[in-house]
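Enquirer: Under the working numbering, the first residue of the sequence shown carries the number 10, and numbering increases by one thereafter.
Any given hint could be a false lead.
[As the list claims (entries may be wrong)] Listed below are the simulated EDC-like cross-link pairs for lysine to aspartate or glutamate, each with C-alpha atoms no more than 20 Å apart in a straight line: (1) Lys184 <-> Asp174; (2) Lys171 <-> Glu80; (3) Lys171 <-> Asp50; (4) Lys171 <-> Asp48; (5) Lys184 <-> Asp85; (6) Lys184 <-> Glu64; (7) Lys184 <-> Asp48; (8) Lys184 <-> Asp58; (9) Lys184 <-> Glu52; (10) Lys184 <-> Asp94.
By construction, these hints were calculated from the structure, which means they are not laboratory data.
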Amino acid sequence: MVAKLKYDLHATGAWLLLLIVAITVIMLGGCGDTAPASDGDIERVTIGDRSFNLELAMVRESRRRGLGGRESLPDDGGMFFVFPDAQLRRFWMFDCVISIDIAFIDPIGYVTAVHTMPPEELRAENESLMEYEARLPGYSSAYPAQFAIELPPGSFESLGIKAGDRIPIPPERLKMLGRAAEPD
C-alpha cells in the first residue's frame, strides 16, 4: 500500500510540473507583439481615429524606391520605412507623380518632422540622372529618426499630427521592426 501511494504522488507531481510548464510557455508566448515582419508586409497602424495599411519598406532597395512610380495611393494606404538605427534622414520625391505626406519618427515613436511633399517634374529625356537628382528638394527628419511613415497628402494635418507628437505604435513593436531591418 505504501509503494502504491508513493507511485501515485510521483505521477501527480510530474503531471503538476508539466501543467505549470505548459501554462508558463503559453503565457510567455502571449507577451508583446512578436509577429514576424518582412519587407512588403502590411502593418496596420491607427493614428487618431483612422487606420492605415502601411507597406513595410525594410530593405535598402524598397526604402530607396519608396512610393516612386506609383500613380495613386488609397486613402488608408501608405508606406512604413524601417531602418536599423536612428540617424538624420532626408527623403526626396524621386520618380514620384503624386503628393505624399511624410512623418519622421524616432526609435520610441515620437515625430521629429512632418512634411507634405509635392510631386516634382519627372526626369527629362535630355537630363542626366545627376542633374535630375540635384534639382530634387530634400525633406529632412530635423532630428535622428529610425522610421518614416508616408501617407496621402493632407493626412497628418487632418489628424493634427506635428513634430513632438507620438505615433501610437508600441515601443516593443518598433524595436522588433528595427532589429529586422536591413542595414543601409
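Enquirer: All hints are to be evaluated individually against the structure, with a verdict given for each.
Expert: Hint check:
1. Between Lys184 and Asp174, the direct Cα distance comes to roughly 18 Å. Compliance with the 20 Å bound is thereby established for this hinted pair.
2. For the hint linking Lys171 to Glu80, the alpha-carbon distance of about 26 Å lies beyond 20 Å, and the restraint is violated.
3. With a C-alpha separation of about 26 Å, the suggested pair Lys171 and Asp50 falls outside the 20 Å cut-off, and the hint is violated.
4. Restraint check for Lys171 and Asp48: not satisfied, since their Cα atoms lie roughly 27 Å apart, outside the 20 Å limit.
5. For a cut-off of 20 Å, the pair hint linking Lys184 to Asp85 is broken: about 24 Å separates their Cα positions.
6. For a cut-off of 20 Å, the pair hint linking Lys184 to Glu64 stands: about 18 Å separates their Cα positions.
7. As the CA atoms of Lys184 and Asp48 are separated by approximately 16 Å, the hinted pair is consistent with the 20 Å bound.
8. At roughly 24 Å between alpha-carbon atoms, Lys184 and Asp58 are farther apart than 20 Å, so this suggested pair is violated.
9. Simply put, Lys184 and Glu52 have alpha-carbon atoms about 14 Å apart, close enough for the 20 Å limit, and the pair holds.
10. Under the criterion of a C-alpha separation no larger than 20 Å, the hint pairing Lys184 with Asp94 is consistent with the structure, at around 10 Å.
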